[in-house]
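Asker: In order, the protein sequence lines correspond to chains B and A.
Note that my numbering gives residue 153 to position 153 of the first sequence, counting from 1, and the numbers run on in steps of one.
Note that my numbering gives residue 1055 to position 55 of the second sequence, counting from 1, and the numbers run on in steps of one.
By construction, these hints were calculated from the structure, which means they are not laboratory data.
Treat the hints with care, as some may be off.
Stated by the list, open to error - 20 Å max Cα-Cα, derived EDC-like pairs, lysine to aspartate or glutamate:
id	chain 1	residue 1	chain 2	residue 2
1	B	158	A	1027
2	B	114	A	1097
3	B	158	B	185
4	A	1206	B	143
5	A	1150	B	136
6	B	114	A	1099
7	B	150	A	1154
8	A	1158	B	27
9	B	251	B	182
10	A	1150	B	182
11	B	150	A	1097
What the hints assert, rightly or not - Only part of the chain A face toward chain B is listed, based on derived beta-carbon distances under 10 Å:
id	residue
12	1028
13	1029
14	1033
15	1047
16	1050
17	1071
18	1072
19	1096
20	1098
21	1139
22	1142
23	1143
24	1145
25	1164
This structure is a prediction, so every number in the text was calculated from the model and none was measured.
Glycine included, each C-beta is placed from N, C-alpha and C at the ideal position.
Number of protein chains: 2
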Amino acid sequence: LEEMPAIFNAYRKFIDEELSSIISSRELYLYNMMKYHMGWIDTEGNLTQSNSGKFLRATLCLLAAVSTGSDYKKALPIAASIELIHNFSLIHDDIQDGDRKRRHRPTVWTIWGKPQAINAGTAMKVLANLSVFRLEQQAVSPEKQLEVFKLLDESCLKMLEGQYLDISFEDRDEVDLDEYIDMIDKKTASLIEGALQIGAVINIDKEKIAPFKKFGNYLGLAFQIRDDILGIWGSVDKTGKPSANDLRKKKKSFPIVYSFCESKGELKNKLKKIYAQKKIDEPSVKQILSYFDALGVYDYCEQKCRHYYDLAVREIKNLPIDKKSSKHFEDISKFLIIRDF
Amino acid sequence: LEEMPAIFNAYRKFIDEELSSIISSRELYLYNMMKYHMGWIDTEGNLTQSNSGKFLRATLCLLAAVSTGSDYKKALPIAASIELIHNFSLIHDDIQDGDRKRRHRPTVWTIWGKPQAINAGTAMKVLANLSVFRLEQQAVSPEKQLEVFKLLDESCLKMLEGQYLDISFEDRDEVDLDEYIDMIDKKTASLIEGALQIGAVINIDKEKIAPFKKFGNYLGLAFQIRDDILGIWGSVDKTGKPSANDLRKKKKSFPIVYSFCESKGELKNKLKKIYAQKKIDEPSVKQILSYFDALGVYDYCEQKCRHYYDLAVREIKNLPIDKKSSKHFEDISKFLIIRDF
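Input sequences plus hints: build the corresponding full structure.
Answerer: See the structure below:
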C-alpha cells in the first residue's frame, strides 16, 4: 500500500474505526461474517489484520466533504455507508460468480454457505443505511440527511442495474462496446459518483454537486477499464488473482468485448469458438492472448482508460474546491489508472 | 380471498397500483423479474393477474395511518415500502431454501437463475427505500420521513437477524422453545411491527407508537405459529404447498421444535433418528405425524397461537385509536389465527 497516494493512508484508520464501530456494536454471530469479510477477524473469531481493501469510495467521500469545507469527521458516517454498500456488493458478487477467494482469503459463502452469505450481504446493505443516522451527531440537518439517503440509494440501485447487465452478458454471444460502457457506468461508476456526491452534498447545495457526479463517472469508467486490464495482464502477486483470470472465467470484460468487435472473418470465428467452450484450457488462454496481441487489444484498452482519465482530470477543474483538494483528486485519479493492484 | 376481512379488499387495489407505479416506472428488464414475482406478468412479459399475496403488512400500515387520523393515501408510499421489503425477503428466501414454487408459480431463481434472483431481491429492497421519498408529495415533513427510514431499516435488519437464526437452526441438533420464539420474533414479527409503526408515526409522535409495536409483535408471533401449523396440517389446495411440507424439508418449525423438547427417551431418539436422515420419506412423515398425535403437538401449537392472539387483542385496547379502527385490527387478528391459507 506504499504506492498509494498518502491521502489513503491518512484516512484509512478513521474509516476502519468508523466501520468497526458500526458493525461491532451488534452482537449476533451474523455480524461476525461481516467482520470476517472486512478482514478484522478469522473464521474462529480471533482478531486479525487482513486486507480490508483500498477504501477508495470512502476516501473519495471524505475528500469531497473536506474539499467543500467541512472536517472529514463530519462525513465519516456516510463514508462508512458507501464502503458498506461496496462491500455488500462484493459478498453477493462472490456468490454470483462462484469466486472462492477475495483479498487472498476464502470468500464468505465458502465458509458459511450461500444462504447465509446472501443474508449477510443484504444485512450489510441495511447497516449502510442505518449508518447515515450517525450524521445526527454531526449536526447535519434532516433535509441534508434525506438528500444523502436519496443519493445513496439511487447510486446503489444504479449499481444493481449494472450487476444485472453484467450477469446477463454471460449468456449473450456478443456485446458491443457501447453496451459494455453502459454496463460499467452503472456497475462501477455508480458508487464512485455516489461517494463524491454524498460527501459534497452535506456541505453544499444539491444543485451544485453535478460536477462531482461527472468527475466520479469518468473516474469510475477509467477505474473499471484498468481493473479489466489487470484481469488479463495483472500478476497474481499484486492482484491476488492469477493472470488472465478473466479469460478462464469467460468474463465479457473490456479486452474480450473489444476483441470480439474488432476481429473479423476467421479470427473472429476462432475467438468465438474458444469462448463457446465449456472450460477454457491453458492452450486456449495462450491462443486468445496471442490474438489480443495481433489485434492490439492492450494498447486500445490503455488508450480508452487514459481517455476517461483525461476527462476526469479535466472535470476536477470544474469542482468548486481549492487547489490542495484538486491535487488530492488528481493524485488519486493518476494512481487509479497506473495501479497494478 | 372471500374469507378475508373486507378491509383487505378495500385497500388491495390501491396498494397494487402504488407498487405497480413504483416498479413499472423503471425500464430495465431487471424490473420484469420483480413484476413477475408480484404476479403482474408471466415469464414472457405478458400481463397476467396472479396471486400477489395478502398484502398483510401494507394493509396493517394503511390501517395504522388511518387509525391515527390521516387519509390512507398519505401512507400508500410506505405501505408499498414495507410490502416490497417483505417481497424481497421472499425472493431471497426461495433461493436460500431452494423452493421451486411460490404462490403456485415457479420462483424467480428457477427462471432467471440464482445470481440474477439475488440481485433482483436486493434491488427490490433498494426500491423499497426509494419509495419513501414519495412521502414528499404527501406533505410529510423531512423529520417524519427520517423517522420512517429508521423504523423501516431497523425492522428490516431485525428480520435479517431472524433469517440468520432460522438458517443456522438447520445445522443444529436441537433448538429450544425460547430460541424458536426469539427467532420468529425477529424473522416474522419485525416487519409486522414495522408496518404498524411507520403507519402510525407519520401522524403521531414517535414516543407514542410503542403500543403499535407491541401489538404488531404479538400479532406477528401468532401469525408465524399459525403459518407453522399450516406447514404441517395445511392442505395443498389452500396453501399451495403439500401437507406436512415442512417435515419433508426438515424445517425446525414450531411443531417439530416442541416435539423435540417435549419427547423423552425412546420416542425422542426415534424422532432424532428420523430427522437425521438425509431425506425424510413418506413412511417417516407418517411416523412423525403419529408422534405428534401422541405428544399433543397440534393442540399445543393452537394454544400457543391463541396465547399470542389474546395478547395482541388485549394490546389493541392500548392503541390511541377509535372504535372503528379497533374493530378492523380485531378482525384482522382473528382472521390471521383461523386462516387456512
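Asker: Should the hint that residue 1142 of chain A touches chain B count as held when the rule is a Cβ pair under 10 Å?
Answerer: Nearest chain B Cβ about 4 Å off; hint holds.
Asker: Keeping to a limit of 20 Å between CA atoms, is the pair of residue 1150 of chain A and residue 182 of chain B held or broken?
Answerer: It is violated: about 33 Å lies between the C-alpha atoms, which goes past 20 Å.
Asker: Taken at face value, is the distance from the CA of residue 1027 of chain A to the CA of residue 158 of chain B at most 20 Å?
Answerer: At roughly 12 Å apart (the allowed maximum being 20 Å), residue 1027 of chain A and residue 158 of chain B satisfy the hint.
Asker: With the threshold set at 20 Å, check whether the alpha-carbon distance from residue 150 of chain B to residue 1154 of chain A stays at or below it.
Answerer: With Cα atoms ~18 Å apart, residue 150 of chain B and residue 1154 of chain A stay inside 20 Å; holds.
Asker: Holds or violated: is the Cβ of residue 1072 of chain A closer than 10 Å to a Cβ in chain B?
Answerer: With Cβ-Cβ at 23 Å, over 10 Å, it is violated.
Asker: Verify the proposed pairing of residue 150 of chain B with residue 1097 of chain A, using a straight-line Cα cut of 20 Å.
Answerer: violated (33 Å)
Asker: Does residue 1050 of chain A meet its interface restraint, that is, does its C-beta lie within less than 10 Å of any C-beta in chain B?
Answerer: violated (23 Å)
Asker: Holds or violated: residue 158 of chain B with residue 185 of chain B, Cα cutoff 20 Å?
Answerer: The hint holds at about 9 Å.
Asker: Given residue 1139 of chain A as an interface hint, is its Cβ closer than 10 Å to any Cβ of chain B?
Answerer: violated (14 Å)
Asker: May I ask you to test the interface hint for residue 1096 of chain A with respect to chain B, counting a Cβ-Cβ separation under 10 Å as satisfied?
Answerer: holds (4 Å)
Asker: Holds or violated: is there a CB of chain B closer than 10 Å to the CB of residue 1071 of chain A?
Answerer: violated (23 Å)
Asker: Going straight from one Cα to the other, do residue 114 of chain B and residue 1099 of chain A come out at no more than 20 Å?
Answerer: holds (14 Å)
The structure fails to meet hints 10, 11, 15, 16, 17, 18 and 21 from the earlier list, while all remaining hints are met.
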